[in-house]
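Counting from 1, one number per residue, gives the positions in the sequence shown under the UniProt record's numbering.
Calculated directly from the structure, the hints in this document are not laboratory data. Keep in mind that a hint or two might mislead.
[Unchecked claim] Capping the alpha-carbon separation at 27 angstroms, the derived lysine-lysine pairs in DSS-like fashion look like this: (1) LYS142 <-> LYS95; (2) LYS127 <-> LYS174; (3) LYS372 <-> LYS45; (4) LYS263 <-> LYS246.
[Claimed, not checked] Okay, the calculated beta carbon distance ranges per label pair: (5) LYS174 <-> ASP144: 15 to 23 angstroms; (6) GLU251 <-> ASP224: 15 to 23 angstroms; (7) ASN401 <-> GLY253: 24 to 32 angstroms.
Even for Gly, the Cβ is constructed at its ideal location relative to N, Cα and C.
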Amino acid sequence: MKRYLCSIIISLVVLLSIGTYYVKVASSASSLPTYTFKTSEGSVKELDPVIVQATLEHHNIYEPLTIESDRTKYDSDRPFWSDRNDVQIERLIKKHRSFMRGRDFINSFYEDDDFLAYASVNSEYTKSGKMKAEFDIGLLEKKDEDETSFRIDVPGQERVMNTEVRDVQLIHSKLQVLTMNDVYSNDDKQTKEVHLYTIDLAKKKVVNDKTLVSETFTYPNQVDFEMPVNTSPSKPNNMILISIIKAVTDEEGVYEEKLKESKLFSYQYDTEKLSTIKGAKKESLNLDIARSGYTDGKNLYAIAFKSGKYQMKTFDISSGALTNNIQLDLAAGKEEANYVAIKNGRVYFLLRSGMGENVTYKPAHLLIADLKTGKTLYKGETVMHAAKKKNEQKTGFSVNNLEVK
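Using the sequences provided together with the hints, build the complete structure.
Written out as C-alpha coordinates, the structure reads:
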(Lines of atoms letter the chains of each structure in order from A and count residues from 1; the text may use other names and numbers.)
(Lines give C-alpha, C1' and ligand atoms only; values in the text may rest on other atoms or scores of the structure.)
Protein backbone atom coordinates (compact mmCIF):
# COMPACT_ATOMS: atom_id res chain seq x y z
CA MET A 1 0.00 0.00 0.00
CA LYS A 2 2.84 2.35 0.88
CA ARG A 3 4.37 1.72 -2.54
CA TYR A 4 1.15 2.74 -4.33
CA LEU A 5 0.75 5.79 -2.08
CA CYS A 6 4.30 6.87 -2.90
CA SER A 7 3.60 6.52 -6.64
CA ILE A 8 0.42 8.59 -6.32
CA ILE A 9 2.25 11.36 -4.43
CA ILE A 10 5.04 11.46 -7.04
CA SER A 11 2.47 11.64 -9.85
CA LEU A 12 0.66 14.52 -8.12
CA VAL A 13 3.94 16.42 -7.64
CA VAL A 14 4.77 15.99 -11.34
CA LEU A 15 1.31 17.15 -12.41
CA LEU A 16 1.46 20.17 -10.09
CA SER A 17 4.92 21.07 -11.41
CA ILE A 18 3.70 20.92 -15.00
CA GLY A 19 0.61 22.94 -14.10
CA THR A 20 2.70 25.58 -12.32
CA TYR A 21 5.06 25.77 -15.30
CA TYR A 22 2.24 26.46 -17.77
CA VAL A 23 0.56 29.00 -15.47
CA LYS A 24 3.86 30.91 -15.26
CA VAL A 25 4.34 30.64 -19.03
CA ALA A 26 0.83 31.91 -19.76
CA SER A 27 1.26 34.79 -17.32
CA SER A 28 4.68 35.67 -18.75
CA ALA A 29 3.58 35.45 -22.40
CA SER A 30 0.67 37.83 -21.86
CA SER A 31 3.06 40.58 -20.73
CA LEU A 32 5.56 40.18 -23.58
CA PRO A 33 5.46 42.15 -26.84
CA THR A 34 4.78 40.56 -30.22
CA TYR A 35 6.55 41.27 -33.51
CA THR A 36 5.32 41.41 -37.09
CA PHE A 37 6.72 42.67 -40.38
CA LYS A 38 5.56 45.97 -41.82
CA THR A 39 5.63 45.64 -45.62
CA SER A 40 6.93 48.55 -47.66
CA GLU A 41 7.25 46.73 -50.99
CA GLY A 42 6.30 43.40 -52.54
CA SER A 43 4.02 40.52 -51.58
CA VAL A 44 3.41 39.43 -47.99
CA LYS A 45 3.33 35.80 -49.23
CA GLU A 46 7.10 36.00 -49.61
CA LEU A 47 7.27 35.90 -45.79
CA ASP A 48 5.72 32.40 -45.59
CA PRO A 49 9.03 30.44 -45.49
CA VAL A 50 10.92 33.03 -43.39
CA ILE A 51 11.90 32.24 -39.80
CA VAL A 52 13.69 34.88 -37.70
CA GLN A 53 15.26 33.89 -34.39
CA ALA A 54 15.79 36.78 -32.01
CA THR A 55 16.13 37.74 -28.35
CA LEU A 56 14.05 40.19 -26.33
CA GLU A 57 15.79 42.13 -23.54
CA HIS A 58 13.57 43.59 -20.85
CA HIS A 59 14.61 44.52 -17.28
CA ASN A 60 17.86 42.53 -17.72
CA ILE A 61 15.87 39.43 -18.65
CA TYR A 62 16.54 37.77 -22.01
CA GLU A 63 13.72 35.93 -23.77
CA PRO A 64 14.52 33.94 -26.96
CA LEU A 65 11.77 34.16 -29.57
CA THR A 66 10.91 33.17 -33.12
CA ILE A 67 9.04 35.18 -35.75
CA GLU A 68 7.43 32.72 -38.16
CA SER A 69 4.55 33.28 -40.59
CA ASP A 70 4.50 36.85 -39.25
CA ARG A 71 3.68 35.57 -35.75
CA THR A 72 5.73 35.59 -32.55
CA LYS A 73 6.51 32.46 -30.56
CA TYR A 74 8.55 32.67 -27.36
CA ASP A 75 10.75 29.76 -26.34
CA SER A 76 9.11 29.93 -22.91
CA ASP A 77 5.82 29.01 -24.62
CA ARG A 78 7.24 25.69 -25.79
CA PRO A 79 6.78 22.51 -23.72
CA PHE A 80 9.75 22.23 -21.36
CA TRP A 81 10.64 18.75 -22.70
CA SER A 82 10.83 19.90 -26.33
CA ASP A 83 13.90 21.03 -28.26
CA ARG A 84 14.12 23.46 -31.13
CA ASN A 85 15.95 22.05 -34.14
CA ASP A 86 17.20 23.49 -37.40
CA VAL A 87 14.23 23.86 -39.79
CA GLN A 88 15.76 21.30 -42.14
CA ILE A 89 16.06 18.79 -39.30
CA GLU A 90 12.47 19.49 -38.20
CA ARG A 91 11.27 18.80 -41.75
CA LEU A 92 13.06 15.45 -41.76
CA ILE A 93 11.69 14.56 -38.31
CA LYS A 94 8.11 15.17 -39.46
CA LYS A 95 8.58 12.92 -42.49
CA HIS A 96 10.79 10.18 -41.03
CA ARG A 97 10.44 10.28 -37.24
CA SER A 98 11.72 6.75 -36.57
CA PHE A 99 14.83 7.11 -38.72
CA MET A 100 15.62 10.56 -37.28
CA ARG A 101 15.54 9.53 -33.62
CA GLY A 102 18.73 10.83 -31.97
CA ARG A 103 20.04 12.28 -35.25
CA ASP A 104 20.07 16.07 -35.40
CA PHE A 105 23.20 17.38 -37.16
CA ILE A 106 22.29 18.47 -40.71
CA ASN A 107 25.80 18.05 -42.16
CA SER A 108 25.56 14.32 -41.39
CA PHE A 109 22.66 13.80 -43.83
CA TYR A 110 22.29 13.11 -47.53
CA GLU A 111 18.87 13.19 -49.21
CA ASP A 112 17.59 12.62 -52.73
CA ASP A 113 14.25 11.44 -54.14
CA ASP A 114 14.87 7.80 -53.21
CA PHE A 115 17.15 7.75 -50.17
CA LEU A 116 17.90 9.47 -46.88
CA ALA A 117 21.37 8.61 -45.58
CA TYR A 118 23.15 9.47 -42.34
CA ALA A 119 26.75 9.27 -41.15
CA SER A 120 28.28 10.46 -37.88
CA VAL A 121 31.30 9.55 -35.77
CA ASN A 122 31.00 8.43 -32.16
CA SER A 123 34.22 8.47 -30.15
CA GLU A 124 35.39 7.83 -26.61
CA TYR A 125 38.63 7.19 -24.74
CA THR A 126 39.28 3.65 -23.57
CA LYS A 127 40.76 2.73 -20.17
CA SER A 128 44.18 2.56 -21.82
CA GLY A 129 43.83 6.21 -22.87
CA LYS A 130 43.43 5.48 -26.58
CA MET A 131 40.61 6.78 -28.72
CA LYS A 132 37.92 4.42 -29.97
CA ALA A 133 36.00 5.89 -32.91
CA GLU A 134 33.26 4.36 -35.02
CA PHE A 135 30.89 5.43 -37.77
CA ASP A 136 27.16 5.43 -37.04
CA ILE A 137 25.59 4.75 -40.45
CA GLY A 138 21.93 4.83 -41.45
CA LEU A 139 20.13 4.41 -44.79
CA LEU A 140 16.41 4.83 -45.41
CA GLU A 141 14.74 3.72 -48.64
CA LYS A 142 11.85 6.16 -48.90
CA LYS A 143 9.58 4.04 -51.08
CA ASP A 144 8.98 1.31 -48.51
CA GLU A 145 10.48 3.04 -45.41
CA ASP A 146 13.05 0.24 -45.16
CA GLU A 147 15.80 1.20 -42.68
CA THR A 148 19.36 -0.09 -42.46
CA SER A 149 21.64 0.93 -39.59
CA PHE A 150 25.07 -0.29 -38.55
CA ARG A 151 28.30 0.78 -36.87
CA ILE A 152 31.83 0.24 -38.14
CA ASP A 153 35.26 1.27 -36.88
CA VAL A 154 36.92 4.40 -38.24
CA PRO A 155 40.21 3.39 -39.96
CA GLY A 156 43.30 4.48 -38.02
CA GLN A 157 41.16 5.37 -35.02
CA GLU A 158 44.17 5.12 -32.68
CA ARG A 159 45.52 8.29 -34.36
CA VAL A 160 42.27 10.25 -34.09
CA MET A 161 41.88 12.86 -31.36
CA ASN A 162 38.77 14.52 -32.75
CA THR A 163 36.74 14.21 -35.93
CA GLU A 164 33.88 16.23 -37.41
CA VAL A 165 31.63 15.17 -40.29
CA ARG A 166 31.32 18.02 -42.81
CA ASP A 167 29.66 16.43 -45.85
CA VAL A 168 27.90 13.20 -46.83
CA GLN A 169 27.19 12.05 -50.40
CA LEU A 170 25.73 8.86 -51.87
CA ILE A 171 27.49 7.91 -55.11
CA HIS A 172 27.01 4.55 -56.89
CA SER A 173 25.54 2.91 -53.77
CA LYS A 174 28.56 3.95 -51.71
CA LEU A 175 28.52 6.57 -48.98
CA GLN A 176 31.17 9.30 -49.21
CA VAL A 177 31.85 10.83 -45.79
CA LEU A 178 34.06 13.92 -45.60
CA THR A 179 35.57 14.67 -42.19
CA MET A 180 38.00 17.11 -40.60
CA ASN A 181 40.29 15.30 -38.15
CA ASP A 182 42.71 16.29 -35.41
CA VAL A 183 45.28 13.49 -35.19
CA TYR A 184 48.14 12.59 -32.87
CA SER A 185 51.65 13.68 -33.88
CA ASN A 186 55.10 13.18 -32.43
CA ASP A 187 56.67 15.60 -29.93
CA ASP A 188 55.08 19.06 -29.88
CA LYS A 189 53.69 18.88 -33.38
CA GLN A 190 50.00 19.08 -34.25
CA THR A 191 48.38 17.59 -37.34
CA LYS A 192 45.04 18.33 -38.97
CA GLU A 193 43.66 16.35 -41.88
CA VAL A 194 40.70 16.28 -44.26
CA HIS A 195 39.62 12.69 -44.93
CA LEU A 196 37.18 11.18 -47.40
CA TYR A 197 35.91 7.77 -46.32
CA THR A 198 34.12 5.52 -48.82
CA ILE A 199 31.65 3.13 -47.17
CA ASP A 200 30.19 0.17 -49.05
CA LEU A 201 26.62 -0.02 -47.74
CA ALA A 202 26.03 -3.56 -48.98
CA LYS A 203 29.21 -4.95 -47.38
CA LYS A 204 28.94 -2.63 -44.36
CA LYS A 205 32.62 -1.76 -44.43
CA VAL A 206 34.98 1.14 -45.16
CA VAL A 207 36.54 0.34 -48.54
CA ASN A 208 38.69 3.46 -48.88
CA ASP A 209 40.22 6.12 -46.63
CA LYS A 210 41.62 9.00 -48.66
CA THR A 211 43.52 11.88 -47.07
CA LEU A 212 42.72 14.97 -49.15
CA VAL A 213 44.73 17.46 -47.08
CA SER A 214 47.24 17.08 -44.24
CA GLU A 215 48.93 19.92 -42.36
CA THR A 216 51.47 19.50 -39.54
CA PHE A 217 52.56 22.50 -37.47
CA THR A 218 54.06 23.51 -34.14
CA TYR A 219 53.02 26.28 -31.74
CA PRO A 220 52.85 29.28 -32.13
CA ASN A 221 51.80 28.40 -35.69
CA GLN A 222 48.17 27.45 -36.27
CA VAL A 223 46.15 25.84 -39.07
CA ASP A 224 42.38 25.82 -39.55
CA PHE A 225 40.18 24.23 -42.20
CA GLU A 226 37.07 26.07 -43.35
CA MET A 227 34.19 25.45 -45.76
CA PRO A 228 31.66 27.98 -47.09
CA VAL A 229 28.15 27.93 -45.67
CA ASN A 230 26.16 25.32 -47.59
CA THR A 231 22.65 26.54 -48.41
CA SER A 232 21.39 22.96 -48.88
CA PRO A 233 23.76 20.75 -46.86
CA SER A 234 21.81 17.49 -47.25
CA LYS A 235 21.24 17.72 -51.00
CA PRO A 236 23.28 15.91 -53.71
CA ASN A 237 26.46 17.84 -54.36
CA ASN A 238 29.34 17.07 -56.71
CA MET A 239 31.87 19.70 -55.63
CA ILE A 240 33.11 21.20 -52.37
CA LEU A 241 35.48 24.02 -51.40
CA ILE A 242 38.04 23.76 -48.59
CA SER A 243 40.06 26.70 -47.25
CA ILE A 244 43.34 26.09 -45.41
CA ILE A 245 43.99 29.08 -43.16
CA LYS A 246 47.47 29.45 -41.70
CA ALA A 247 48.09 31.75 -38.75
CA VAL A 248 50.40 32.50 -35.84
CA THR A 249 49.74 33.34 -32.18
CA ASP A 250 52.14 35.87 -30.66
CA GLU A 251 53.41 36.01 -27.06
CA GLU A 252 50.38 38.02 -25.96
CA GLY A 253 47.99 35.46 -27.43
CA VAL A 254 46.99 37.59 -30.42
CA TYR A 255 45.91 35.45 -33.37
CA GLU A 256 47.08 36.73 -36.78
CA GLU A 257 46.25 35.07 -40.08
CA LYS A 258 48.93 34.54 -42.72
CA LEU A 259 46.76 34.77 -45.81
CA LYS A 260 49.67 34.70 -48.26
CA GLU A 261 50.46 31.19 -47.05
CA SER A 262 46.81 30.09 -46.95
CA LYS A 263 45.16 28.16 -49.79
CA LEU A 264 41.81 27.33 -51.37
CA PHE A 265 41.06 23.86 -52.77
CA SER A 266 38.16 22.34 -54.65
CA TYR A 267 37.30 18.64 -54.69
CA GLN A 268 35.07 16.97 -57.28
CA TYR A 269 33.43 13.74 -56.13
CA ASP A 270 32.78 12.12 -59.51
CA THR A 271 36.32 12.64 -60.87
CA GLU A 272 38.04 12.41 -57.45
CA LYS A 273 40.06 15.48 -58.45
CA LEU A 274 41.56 17.85 -55.88
CA SER A 275 42.50 21.24 -57.38
CA THR A 276 44.11 24.41 -56.08
CA ILE A 277 42.15 27.59 -56.82
CA LYS A 278 44.60 30.46 -57.22
CA GLY A 279 42.13 33.20 -58.12
CA ALA A 280 44.78 35.00 -60.15
CA LYS A 281 42.35 36.57 -62.61
CA LYS A 282 40.45 39.72 -61.74
CA GLU A 283 36.86 39.06 -60.64
CA SER A 284 37.46 35.33 -60.17
CA LEU A 285 36.85 33.03 -57.21
CA ASN A 286 39.57 33.29 -54.57
CA LEU A 287 40.25 32.48 -50.92
CA ASP A 288 38.86 35.71 -49.50
CA ILE A 289 35.61 35.37 -51.45
CA ALA A 290 35.16 31.70 -50.56
CA ARG A 291 35.55 32.34 -46.83
CA SER A 292 32.62 34.73 -46.72
CA GLY A 293 30.47 33.00 -49.33
CA TYR A 294 27.47 30.70 -49.52
CA THR A 295 27.45 27.67 -51.78
CA ASP A 296 24.86 25.34 -53.27
CA GLY A 297 27.42 22.92 -54.69
CA LYS A 298 27.40 24.51 -58.13
CA ASN A 299 27.79 28.21 -57.43
CA LEU A 300 29.29 30.35 -54.70
CA TYR A 301 27.43 33.52 -53.70
CA ALA A 302 29.43 36.34 -52.09
CA ILE A 303 28.04 39.47 -50.44
CA ALA A 304 30.06 42.66 -50.85
CA PHE A 305 29.51 46.09 -49.27
CA LYS A 306 30.28 49.03 -51.55
CA SER A 307 29.31 52.71 -51.39
CA GLY A 308 26.64 52.10 -48.77
CA LYS A 309 25.00 49.32 -50.80
CA TYR A 310 25.14 45.55 -50.78
CA GLN A 311 26.11 43.58 -53.88
CA MET A 312 25.87 39.86 -54.47
CA LYS A 313 28.32 38.18 -56.83
CA THR A 314 27.84 34.67 -58.21
CA PHE A 315 30.84 32.49 -59.09
CA ASP A 316 30.84 29.17 -60.91
CA ILE A 317 32.79 26.79 -58.63
CA SER A 318 34.15 24.54 -61.37
CA SER A 319 35.62 27.38 -63.45
CA GLY A 320 35.98 30.07 -60.76
CA ALA A 321 34.47 32.62 -63.15
CA LEU A 322 32.16 35.46 -62.13
CA THR A 323 28.77 34.70 -63.72
CA ASN A 324 26.48 37.30 -62.15
CA ASN A 325 26.67 40.56 -60.20
CA ILE A 326 23.55 42.19 -58.77
CA GLN A 327 22.99 45.16 -56.48
CA LEU A 328 20.52 44.72 -53.64
CA ASP A 329 18.07 47.52 -52.95
CA LEU A 330 19.13 47.90 -49.34
CA ALA A 331 21.28 50.69 -47.93
CA ALA A 332 23.15 50.18 -44.66
CA GLY A 333 25.99 51.30 -42.46
CA LYS A 334 29.11 49.17 -42.04
CA GLU A 335 28.39 48.65 -38.35
CA GLU A 336 25.17 46.82 -39.08
CA ALA A 337 25.19 43.03 -39.03
CA ASN A 338 23.49 40.95 -41.67
CA TYR A 339 22.09 37.46 -42.01
CA VAL A 340 21.81 35.85 -45.42
CA ALA A 341 19.90 32.81 -46.69
CA ILE A 342 19.79 31.59 -50.28
CA LYS A 343 16.91 29.34 -51.22
CA ASN A 344 13.92 29.01 -53.54
CA GLY A 345 15.68 31.02 -56.26
CA ARG A 346 15.87 33.97 -53.88
CA VAL A 347 18.32 35.73 -51.61
CA TYR A 348 16.95 36.58 -48.16
CA PHE A 349 18.82 39.43 -46.50
CA LEU A 350 18.13 40.47 -42.90
CA LEU A 351 19.80 43.59 -41.55
CA ARG A 352 19.83 44.73 -37.95
CA SER A 353 21.74 47.18 -35.73
CA GLY A 354 21.53 45.22 -32.49
CA MET A 355 21.12 46.53 -28.95
CA GLY A 356 23.21 49.45 -27.75
CA GLU A 357 24.03 50.62 -24.24
CA ASN A 358 20.56 52.07 -23.80
CA VAL A 359 17.93 49.38 -24.24
CA THR A 360 15.68 50.62 -27.05
CA TYR A 361 13.85 48.83 -29.80
CA LYS A 362 15.48 48.99 -33.24
CA PRO A 363 13.74 47.27 -36.14
CA ALA A 364 15.34 44.61 -38.32
CA HIS A 365 15.06 45.16 -42.08
CA LEU A 366 14.28 42.29 -44.45
CA LEU A 367 14.90 42.20 -48.19
CA ILE A 368 13.94 39.30 -50.47
CA ALA A 369 15.27 39.52 -54.03
CA ASP A 370 15.38 37.36 -57.14
CA LEU A 371 18.66 35.45 -57.18
CA LYS A 372 19.37 36.05 -60.87
CA THR A 373 18.02 39.54 -61.55
CA GLY A 374 18.23 41.20 -58.14
CA LYS A 375 14.62 42.34 -58.49
CA THR A 376 13.07 43.17 -55.11
CA LEU A 377 10.29 40.72 -54.26
CA TYR A 378 9.75 41.92 -50.71
CA LYS A 379 10.96 44.68 -48.45
CA GLY A 380 9.87 45.39 -44.90
CA GLU A 381 10.89 45.84 -41.27
CA THR A 382 9.94 44.38 -37.92
CA VAL A 383 7.39 46.23 -35.82
CA MET A 384 7.02 45.72 -32.08
CA HIS A 385 3.57 45.60 -30.52
CA ALA A 386 4.16 46.17 -26.81
CA ALA A 387 1.74 44.61 -24.34
CA LYS A 388 2.07 47.81 -22.33
CA LYS A 389 2.77 51.10 -24.11
CA LYS A 390 5.00 52.41 -21.30
CA ASN A 391 7.37 49.46 -21.79
CA GLU A 392 7.83 50.03 -25.51
CA GLN A 393 11.00 52.14 -25.28
CA LYS A 394 12.57 49.94 -22.58
CA THR A 395 12.65 46.80 -24.68
CA GLY A 396 15.69 45.64 -26.63
CA PHE A 397 15.51 43.38 -29.67
CA SER A 398 18.44 41.46 -31.13
CA VAL A 399 18.37 39.15 -34.17
CA ASN A 400 20.25 35.86 -33.75
CA ASN A 401 19.60 33.97 -36.96
CA LEU A 402 17.65 33.78 -40.22
CA GLU A 403 16.26 30.51 -41.57
CA VAL A 404 14.17 29.75 -44.65
CA LYS A 405 12.00 26.67 -45.11
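Here is what the structure says about each hint:
no.	hint	verdict
1	LYS142 <-> LYS95	holds (10 angstroms)
2	LYS127 <-> LYS174	violated (34 angstroms)
3	LYS372 <-> LYS45	holds (20 angstroms)
4	LYS263 <-> LYS246	holds (9 angstroms)
5	LYS174 <-> ASP144: 15 to 23 angstroms	holds (21 angstroms)
6	GLU251 <-> ASP224: 15 to 23 angstroms	holds (20 angstroms)
7	ASN401 <-> GLY253: 24 to 32 angstroms	holds (29 angstroms)
Of the numbered hints stated above, the single one contradicted by the structure is hint 2.
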